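Undergrad: Residues per chain, in single letters:
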Amino acid sequence: AQTVTQSQPEMSVQEAETVTLSCTYDTSESNYYLFWYKQPPSRQMILVIRQEAYKQQNATENRFSVNFQKAAKSFSLKISDSQLGDTAMYFCAFMKGRETSGSRLTFGEGTQLTVNP
Amino acid sequence: DGGITQSPKYLFRKEGQNVTLSCEQNLNHDAMYWYRQDPGQGLRLIYYSQIVNDFQKGDIAEGYSVSREKKESFPLTVTSAQKNPTAFYLCASSRDSGWAEQYFGPGTRLTVT
Chain A
1 AQTVTQSQPE MSVQEAETVT LSCTYDTSES NYYLFWYKQP PSRQMILVIR QEAYKQQNAT
61 ENRFSVNFQK AAKSFSLKIS DSQLGDTAMY FCAFMKGRET SGSRLTFGEG TQLTVNP
Chain B
1 DGGITQSPKY LFRKEGQNVT LSCEQNLNHD AMYWYRQDPG QGLRLIYYSQ IVNDFQKGDI
61 AEGYSVSREK KESFPLTVTS AQKNPTAFYL CASSRDSGWA EQYFGPGTRL TVT
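Residue numbers (the working numbering), protein chains in the order written: chain A, 1 to 117; chain B, 1 to 113.
Just so you know, these hints were derived from the structure itself, not from any lab.
Careful, some of the hints might be misleading.
[Claimed, not checked] Calculated cross-link-like contacts (lysine-lysine; reagent style BS3-like; alpha-carbon spacing at most 25 Å):
| no. | chain 1 | residue 1 | chain 2 | residue 2 |
| --- | --- | --- | --- | --- |
| 1 | A | Lys73 | A | Lys96 |
| 2 | A | Lys96 | B | Lys57 |
| 3 | B | Lys71 | B | Lys57 |
| 4 | A | Lys96 | B | Lys71 |
| 5 | A | Lys55 | A | Lys96 |
| 6 | B | Lys14 | B | Lys71 |
For clarity, every value in this text was computed on a predicted model and none was experimentally measured.
Given the sequences, and given the hints that come with them, work out the whole structure.
TA: Structure representation (structure tokens):
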């Protein structure tokens, strides 16, 4: 079974600064995907960024980037130029590669990020 | 507009009653999922369905039941056997059961007293 651990229940950052959220996972799979989801106060889950395990290059989406360390099973999210709208709960999630039993997302416990003006 | 709808947003029930949460999608997605979210915890998978008339248990299926009679609909019934039903329930769908992105509905907050 896969496990995902987010060791920072809460974090805060000043507007325009950079913050990094940590995530570690445990799996015996070689083919998998990792995700960061954002859940703002509206509670709508929004996909922030995705990383395929077979890709060595770290994924980037505008101000969001990841540091994927496959050997260390680490998948951190860096948010640059933080904005007030980035205030949300952030979840790290794991998905096995394509399989016949369906795509199951395994989530971490979440990190509540607050961006202060 | 395409998307996933869950209704109602808030639901209140008395203990011992079964309750059904609605989830509808018009994205033409094959796969649909139900997750439960509790304070301080991530989402946990209850049930998922890859195709009409087929579904599989997730990690916490006890006390829940589902049906998938139509591609667009995946209702979740919280039965009286579920010991701690008060939670936030999220429905999601994806294009297929591969790695495709899962799109989430707005959720239903169920309170059982």
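Undergrad: Indicate, hint by hint, whether the structure satisfies it.
TA: Checked hints:
1. The suggested pairing of Lys73 of chain A with Lys96 of chain A holds, with an alpha-carbon distance near 14 Å, which does not exceed 25 Å.
2. Between Lys96 of chain A and Lys57 of chain B the CA atoms are separated by roughly 17 Å; this keeps the pair inside 25 Å, and the hint holds.
3. The suggested pairing of Lys71 of chain B with Lys57 of chain B holds, with an alpha-carbon distance near 18 Å, which does not exceed 25 Å.
4. Pair hint Lys96 of chain A plus Lys71 of chain B holds up; C-alpha atoms about 24 Å apart against a cutoff of 25 Å.
5. As the CA atoms of Lys55 of chain A and Lys96 of chain A are separated by approximately 15 Å, the hinted pair is consistent with the 25 Å bound.
6. Restraint check: the Cα-Cα separation between Lys14 of chain B and Lys71 of chain B comes to about 31 Å, which exceeds 25 Å; the hinted pair is violated.
Comparing the model with each numbered hint stated earlier shows that hint 6 is the single one that does not hold.
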